[in-house]
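Trainee: Just so you know, the sequences run in chain order A and B. Read in order, the letters of the first sequence are residues 185 to 325 in our numbering. Read in order, the letters of the second sequence are residues 185 to 325 in our numbering.
Treat the hints with care, as some may be off.
It does not matter which identical chain is meant; a pair holds if it fits inside one copy or across any two.
Unchecked claim - Simulated pairs of lysine-lysine, DSBU-like, Cα-Cα distance not exceeding 30 angstroms: (1) K324 <-> K261; (2) K257 <-> K324; (3) K311 <-> K287; (4) K311 <-> K257.
No lab work stands behind these hints: they were computed from the structure.
Number of protein chains: 2
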Amino acid sequence: MLTRIDHIGIACHDLDATVEFYRSTYGFTDVHFEVNEEQGVREAMLKINDTGDGAASYLQLIEPIRDDSPVAKWLAKNGEGVHHIAFGTDGDVQDEADGIAGKGVRVLYEAPRRGSMGSRINFLHPKDCHGVLTELVQKKS
Amino acid sequence: MLTRIDHIGIACHDLDATVEFYRSTYGFTDVHFEVNEEQGVREAMLKINDTGDGAASYLQLIEPIRDDSPVAKWLAKNGEGVHHIAFGTDGDVQDEADGIAGKGVRVLYEAPRRGSMGSRINFLHPKDCHGVLTELVQKKS
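The following block holds chain A by itself, in its conformation from the complex:
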């Protein structure tokens, strides 16, 4: 079951400047940085609020670290903005992805990959989701 908005993924050209914008404009100061080599991005997770399922909702700011990363290509086409949305699961992310695949939605990875803060993730094809690249997130237990 999907029990929360886990995060909103926002692509940007300059991670440090964008984090500073969110900090100085809105006061979001709970920030976690990491590099995801597999996805070709450097990212910051800004915690916005706790959620009723015992987890939290974040903004995920993502900056490409390679010109051939999917996010670099997306930025070249679209410019900065919302790249994807992510729902959190209360169980195994691949069980959730399999259930959704059974409803005719294409799942992007055959097996879960590593997401932010040790999570396990998969993605759903935006063309099957009314234009929204949608991520499923199982937080680190």
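Given the structure of chain A, go ahead and fit chain B onto it with the hints provided.
Mentor: Chain B only, in chain A's frame:
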């Protein structure tokens, strides 16, 4: 202060079909419909989770009801997808907007307008927010 992700606003061509996608694919069944004549949209609020500030996070699905509404123009240019993000305030929305305007971010309305479910809202210019059309929401008290 901004205390939650209030909603993610998603523009769509067919509201009923898109609500049905979110219901049947993910099981989101807590849905509120309304028409906002001023904004020129019909919309559905799908509740996703409770938030730590005593409110909730939603998906807001929006379908234009007039060809000259801003969302109709946005859809014609971009196709279906994430249109804006919204943060919830813990106080008066215009006080929050004024504070943000003082940091050099353009606020779109001189005074708050009516948002979903009786809320008071304002918007921040996406060009001042790293490409993200950003809404501020004071929920109905």
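Trainee: Are the hints correct? Go through all of them and say.
Mentor: Status of each hint after checking the structure:
no.	hint	result
1	K324 <-> K261	neither (33 angstroms within a copy, 39 angstroms between copies)
2	K257 <-> K324	within (29 angstroms within a copy, 41 angstroms between copies)
3	K311 <-> K287	within (14 angstroms within a copy, 38 angstroms between copies)
4	K311 <-> K257	both (17 angstroms within a copy, 20 angstroms between copies)
Checked against the numbered hints listed earlier, the structure breaks hint 1 alone; every other hint is satisfied.
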